[in-house]
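All chains should be modelled from the sequences, with the hints used to inform the complete structure.
Each chain is listed here by its residues.
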Amino acid sequence: MLEVVHASKSFGRETALRDVSAAFPDGTVTALIGPSGCGKSTLLRLLIGLIEPDEGRVLVGGEDLRAADLRAVRRRLGYAIQSGGLFPHLTARRNVALPARRAGRDRAWIDARLEELADLVRLPASALARFPAELSGGQRQRVALMRALVLDPEALLLDEPLGALDPLIRSDLQRELGDLFERLGKTVVLVTHDLAEAACLAPDDLLLLREGEIAQRGSFRDLRQRPASDWVDRFVRAQFERVESLLAGGAP
Amino acid sequence: MIARLVAAIAALVLATAPADAEPVVVGSKTFTESVVLGEIATQLARSSGAPARHRRELGGSRVLFSGLTRGDIDLYPEYTGTLRGELLADRDIRSSAELARVLREEFGLGMIGPLGFNNTYALGVTRETAQRRRLRSVSDLRGHPGLRLGFSNEFMQRADGWPGLRDAYGLENPASGMQHELAYRALASGDIAAMDLYATDAEIAYYDLVVLEDDLGHFPRYDAVLLYRLDVGERAPEALAALRRLEGAIDESTMSRLNRLAKIGPTDEAPRVPEAIVAQEFLASALDVRSEARATTHWDTLGRTTIEHLQLVAASMAGAMVIGIGLGVVAARVPASAPPVLWVVGVMQTMPSLALLVLLIPVFGLSPLTAIVALFLYSLLPIVRNTHAGLTGVPAGVQESARAIGLSSAQRFVDVELPMALPMILAGIKTAVVINVGTATLAALIGVGGYGQPILTGIRLDDFSLILLGAGPAAVMAIAAQLLFDLAERALVSRGLRL
Chain A
1324 MLEVVHASKS FGRETALRDV SAAFPDGTVT ALIGPSGCGK STLLRLLIGL IEPDEGRVLV
1384 GGEDLRAADL RAVRRRLGYA IQSGGLFPHL TARRNVALPA RRAGRDRAWI DARLEELADL
1444 VRLPASALAR FPAELSGGQR QRVALMRALV LDPEALLLDE PLGALDPLIR SDLQRELGDL
1504 FERLGKTVVL VTHDLAEAAC LAPDDLLLLR EGEIAQRGSF RDLRQRPASD WVDRFVRAQF
1564 ERVESLLAGG AP
Chain B
13 MIARLVAAIA ALVLATAPAD AEPVVVGSKT FTESVVLGEI ATQLARSSGA PARHRRELGG
73 SRVLFSGLTR GDIDLYPEYT GTLRGELLAD RDIRSSAELA RVLREEFGLG MIGPLGFNNT
133 YALGVTRETA QRRRLRSVSD LRGHPGLRLG FSNEFMQRAD GWPGLRDAYG LENPASGMQH
193 ELAYRALASG DIAAMDLYAT DAEIAYYDLV VLEDDLGHFP RYDAVLLYRL DVGERAPEAL
253 AALRRLEGAI DESTMSRLNR LAKIGPTDEA PRVPEAIVAQ EFLASALDVR SEARATTHWD
313 TLGRTTIEHL QLVAASMAGA MVIGIGLGVV AARVPASAPP VLWVVGVMQT MPSLALLVLL
373 IPVFGLSPLT AIVALFLYSL LPIVRNTHAG LTGVPAGVQE SARAIGLSSA QRFVDVELPM
433 ALPMILAGIK TAVVINVGTA TLAALIGVGG YGQPILTGIR LDDFSLILLG AGPAAVMAIA
493 AQLLFDLAER ALVSRGLRL
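The listed protein sequences correspond, in order, to chains A and B. Heads up: the first sequence at position 240 corresponds to 1563 in the numbering used here, and the numbers run straight through without jumps. Heads up: the second sequence at position 79 corresponds to 91 in the numbering used here, and the numbers run straight through without jumps.
Simulated from the structure, these hints should not be mistaken for laboratory data. Think of the CB as a built atom: it goes at the ideal place given N, C-alpha and C, for glycine as much as any other residue. Be a bit skeptical, because a hint or two may be false.
As the list claims (entries may be wrong) - Chain A side only, calculated, beta carbon under 7 Å to chain B, not exhaustive: (1) A1390; (2) R1397; (3) G1408; (4) P1422; (5) R1428; (6) R1430; (7) F1454.
To be verified - Each pair of labels, with its calculated beta carbon distance range: (8) B/R502 with A/R1336: 44 to 50 Å; (9) B/R345 with A/S1331: 28 to 34 Å; (10) B/Q494 with A/D1429: 54 to 60 Å; (11) A/V1328 with B/A330: 51 to 57 Å; (12) B/A500 with A/D1442: 49 to 55 Å; (13) A/V1328 with B/V342: 35 to 41 Å; (14) B/A330 with A/E1439: 44 to 50 Å.
Take a look at the structure:
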């Protein structure tokens, strides 16, 4: 269970989050959505302690991050960002192995885990020997997922995981990612600016943010049929037809 | 048993140490006459049985005088006019007795001489200029305020040089400073109309110059003497006794002849004679002293200067890499420290290298350390700046990922930041080493050798092959150093960063 309680955060004079409370129970997949600058990435980065709230608390498994050993907490969470955030000077294999190596896992454990993860995200073994610059965008994203998963975290935190991909690959990978979440059964919090992607990956729990505050939280159906405000209605309608056609096309 | 052995060894060491300790170190200035006199003094001291060493072409009068008072050298040829009119100008010394007293009591120095010739300053013009402009004396220059004058750099600055001469004669001609040997060529080519001469310069006859009469008696006497530290009298009295034989032994025509042999050669066609041989022949004919001349071949010079140059570059670069990368890391990790750190190393870089060298002499003396410290300071900026830029240039997403996957600050530095900044750091080191190898040639200005020495000597003797003997290898060393760091880059930088 991840939780933020009355959290506020400002960057200089910009307020990124204003008194936000939200819980992410075990095993649920939640999409943080909203227009750019709404605070969705800030919320995600609060959850893994990359930034601290000015006010309020962040709890991971009931533990307050202010008092926690951040490195230990981060090892219990998997994090991946747009275009992967892979280390360009390390091969795919060493990118994935690095967190495990530094967490004290031995070689045999790491090798076995790499094989398992490559299977899970469908990365060809040959790609593991390549440097990030030698991989396709989709492969980079798979490697980033492997690195986020290598220490078998309690939760996955993903910031625009498919943001850097072109549309065709994106819709393929979107389905694959949905399958993966289902098989893992882990808590997932992901950030996207795309309502279609949110509806596809987390149809039951969307958290819509506007100017640092929660505009509405609920299933895609709730947001569409019972918008909490005119603004939510307009935000959803703007992307409505695209989402409908995508769902009609046979999404989960 | 062991105690007795230790005592015996200690006694042996104590007994032998002073015997082959510290040779008498003779210095000379960067012009031929001084080098010839230095060589004569060195060989004569050696012939008395005392070990002696000649540090040639150390610099100008002030460098030599401060080197002597500091103890970097024990002895060097000087001129009374330079002592009274320049080095001790603030003392207003009236007699040679008073000069000897001041040197002894205030500086702990003794004087051998006069050696027998007065190498006074003079102004010279070509015969053609003298006839066309009707120039006979310095006063005649007043009628030609448009004539350009070219003076040796020291003459431009010295109280008894151009500033004093200009005031004494009321001259208004434009004057510029240049290397003394180059001034002869500027005079011959007509770029300047008059220059300063030393009365014993071999070129006066060679270029058929007219010496303008010092009709107002501005220039004092410049009697050649040997200045020495008084402690030489205790360390090597036999050397001092031998050197006294030079008193009155060299008259003006003799000195002119020796200068000519060393700078031009016995005839216009014959090659010039190395200073060591000139000195040896003089000692044999004038004093009947057989001395050992250590003439060097180009190969000797190349080998010795390569080792000296490498030592200067290696020591200063090693220091600059350790401290420079360290400062760059601090500047990158403590953002508040970056502006002051970069500013200070930037200021070091803007200091003229020559000024930096001279400023460091009072601290470290005429030693390689002075040159190494100056080169170290010069090499810092590119290394610090590139280390800082490389570390702060790691993309934000990568830095964030490194934190998010649970790496500690030290692990992030070792696993991510340093390897990613490495190409930039190595580029800074490459820039630094090229600057360093080139700037190290200036070390010769304070007499600590390196490739600059053949270059300086080549300029002095107008010998292009000697200049090449320094400039060529310096260029090769710069290229080689760069190749070395290219190889290091290949070995150390991840292929992933070169894709």
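Hints, verified against the model:
1. A1390: 17 Å, violated
2. R1397: OK, holds: A/R1397 within 7 Å of chain B, min 4 Å.
3. G1408: A/G1408 check passes; min Cβ-Cβ to chain B is 3 Å, inside 7 Å.
4. P1422: With Cβ-Cβ at 4 Å, under 7 Å, it holds.
5. R1428: 12 Å, violated
6. R1430: Violated, because the Cβ-Cβ distance from A/R1430 to chain B comes to roughly 17 Å (cut-off 7 Å).
7. F1454: 3 Å, holds
8. B/R502 with A/R1336: 44 to 50 Å: Since B/R502 and A/R1336 have Cβ atoms about 49 Å apart, the given range 44 to 50 Å holds.
9. B/R345 with A/S1331: 28 to 34 Å: 29 Å, holds
10. B/Q494 with A/D1429: 54 to 60 Å: 42 Å, violated
11. A/V1328 with B/A330: 51 to 57 Å: About 55 Å separates the Cβ atoms of A/V1328 and B/A330, which means 51 to 57 Å holds.
12. B/A500 with A/D1442: 49 to 55 Å: Once the Cβ atoms are compared, 40 Å apart, the range 49 to 55 Å for A/D1442 and B/A500 is violated.
13. A/V1328 with B/V342: 35 to 41 Å: 39 Å, holds
14. B/A330 with A/E1439: 44 to 50 Å: Taking Cβ atoms as reference, B/A330 and A/E1439 lie about 48 Å apart, which means the hint holds.
The structure fails hints 1, 5, 6, 10, 12 (numbered hints given earlier, in ascending order).
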